[in-house]
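Colleague: Starting from the structure of chain A, add chain B where the hints point.
Residue numbers (my numbering), protein chains in the order written: chain A, 1 to 371; chain B, 1001 to 1101.
Be careful, since some hints might not be right.
As a list, the in silico EDC-like pairs of lysine to aspartate or glutamate whose alpha-carbon atoms are at most 16 Å apart [unchecked claim]:
1) A:Lys80 with B:Glu1070
2) A:Lys22 with A:Glu303
3) A:Lys225 with A:Glu303
4) A:Lys129 with A:Asp172
5) A:Lys103 with B:Asp1061
6) A:Lys289 with A:Glu303
7) A:Lys249 with A:Glu270
8) A:Lys80 with B:Asp1053
9) A:Lys22 with A:Asp347
10) B:Lys1089 with B:Glu1070
11) B:Lys1058 with B:Asp1028
12) A:Lys225 with A:Glu268
13) A:Lys129 with A:Asp114
14) A:Lys103 with B:Asp1053
15) B:Lys1058 with A:Glu101
Derived from the structure by calculation, the hints contain no laboratory data.
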Amino acid sequence: MSSVRLLVGTKKGAFVLTADGKRKDWAISQPHFPGWELYHLKGSPVDPNRIYASQTSGWFGQVLQRSDDGGATWDPVSNKLIYDGVPGTHQWYDGTPHPWEFKRVWHLEPSLTDADTVFAGAEDAALFKSTDAGQSWTELSGLRTNATAPGWMPGAGGMCLHTVILDKANPDRIVIAISAAGAFRSDDAGATWKPINKGLHSAFLPNPEAPVGHCVHHIAMNPAKPDTLFMQKHWHVMRSDDAGDNWTKVSGNLPTDFGFVIDTHAHEPETVFVVPIKSDSEHFPLDGKLQVFRSKSGGNEWEPLSRGLPQQNCYVNVLRDAMAVDQLDDCGVYFGTTGGQVYCSPDGGETWQSIAENLPGVLSVEVQTLA
Amino acid sequence: MASIRVELPLHLRRLAAITGYEASIDVDTPITISRTLAALEARYPMLEGTIRDHVTLKRRDFLRYFVCGEDWSFDHNDTPLPLAILEGKEPLIVLGAIAGG
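Bound-form chain A, shown alone:
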């Protein structure tokens, strides 16, 4: 019988949650790396026992970990993520030039074809790659040296490269997103990059349609339809059908289109999930009601999903990497909150149950579907 393994990164450690295919009864591991911030953990689609984890701390900096036994045990791998050449400058909050400074890894994206290859998205924005299971790292510096880079500016959470999307149908294609620079795409395996922000509108920018400077919060892609991308921007939910060359707003009837997470159904490429958040100054759900919104039409028409979710006095946030879907026939949807709850819907969003209630604030959620 199939089972699922949830990898939950929190402000104070990582947790591995497991259940059988019914996804009703869950076991929660003891904390891994207690006391550290676990920004992201993700398993290799090639070898599910291979999991990479980004462990970070304001005191001790960045550590990267690897498990070869499904998260039971871990070994530190290299944390030498060093910018290629002499790092230049980007814009600081006040508009002055500021040197690139490495702070942490926000997102790890294992290769779709090789368990030893993994990408790391970093703050200050850069993309690193390891082809030896994390023993060494090389920056794909064509991104950071893009002509637009000196004009990039950090968002409130830092200038983080938080989204990395690989395309099995086109191994040379990589899509990434940076707060608050925008989305970028490489069609030559990371050697060169171009901004893909046409159609985005950000009212806070002097030129709201500028080529870069947009605060993209997250992007999702269903592998069955790789040219279609869905984006949760600072404000606005967007859609592209040409791999990011052009974007269209699909916020439709959402009660608010501010938010952080976005994901697609595992088997229905036009089914999309978001968690609307009240505003950029009030990072919690509208009216204290935690609701996932689902569109089955690729956007514009959204329905609230709330059965099993708290509908009063709920003032948590759901951060950008804290939603995931499993691959079971009845697609499971998962998300974690800054209040330390993890929710599971075993039926594509129709019903929800709390599967962890008192973890530290959740930074990321990934799920592995195991045979």
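Modeller: The following block gives chain B in isolation, referenced to the frame of chain A:
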């Protein structure tokens, strides 16, 4: 050469799988903070980058070095450590700031 006691914060001891409060590191003379940390990192490579920067070797902002009750965090990286440290009577203390939540 002397065997130097290095007291580390809990998080780094766990990362390096060091039992007890201290690591004991053989360091060639002249024995300084820089050379002791280099020997520590050679013995425990997972600690590279966690106490000082990989490239600049600058101490991380929220850590301090204490030697015989004195703060040696600033401008003492290449100062020979005192006899009490060399004789193992005192540890070199790497201390994490009391900060955060």
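Colleague: Determine for every hint whether it applies to the structure shown.
Modeller: Against the structure, the hints come out as follows:
1. In summary, the hint linking A:Lys80 to B:Glu1070 is not supported, as the alpha carbons are separated by about 31 Å, beyond the 16 Å threshold.
2. The straight-line distance between the Cα atoms of A:Lys22 and A:Glu303 is roughly 25 Å, outside the 16 Å bound, and the hint therefore fails.
3. Pair hint A:Lys225 plus A:Glu303 does not hold up; C-alpha atoms about 22 Å apart against a cutoff of 16 Å.
4. A hinted pair counts as satisfied when its Cα atoms are at most 16 Å apart, and A:Lys129 with A:Asp172 qualifies at roughly 14 Å.
5. Restraint check for A:Lys103 and B:Asp1061: the C-alpha separation of about 12 Å stays at or below 16 Å, so the hint holds.
6. Distance restraint check for A:Lys289 and A:Glu303: the Cα-Cα separation of roughly 14 Å lies within the 16 Å cut-off, and the hinted pair is therefore satisfied.
7. Our distance criterion of 16 Å between C-alpha atoms is met by A:Lys249 and A:Glu270, whose separation comes to about 15 Å.
8. Of the pairs offered as hints, the one joining A:Lys80 and B:Asp1053 holds, with about 10 Å between alpha carbons and a cut-off of 16 Å not exceeded.
9. Annotation: proposed proximity of A:Lys22 to A:Asp347 holds, straight-line Cα distance about 10 Å (limit 16 Å).
10. Restraint check for B:Lys1089 and B:Glu1070: satisfied, since their Cα atoms lie roughly 15 Å apart, inside the 16 Å limit.
11. This hinted pair does not check out: B:Lys1058 and B:Asp1028 have alpha carbons roughly 21 Å apart, beyond 16 Å.
12. The straight-line distance between the Cα atoms of A:Lys225 and A:Glu268 is roughly 10 Å, inside the 16 Å bound, and the hint therefore holds.
13. For the given pair, A:Lys129 sits about 12 Å from A:Asp114 by alpha-carbon distance, which is consistent with the 16 Å threshold.
14. For the hint linking A:Lys103 to B:Asp1053, the alpha-carbon distance of about 11 Å falls within 16 Å, and the restraint holds.
15. Between the alpha carbons of B:Lys1058 and A:Glu101 the distance comes to roughly 13 Å, so the proposed pair stays at or under 16 Å and holds.
In summary, the numbered hints that this structure violates are 1, 2, 3, 11.
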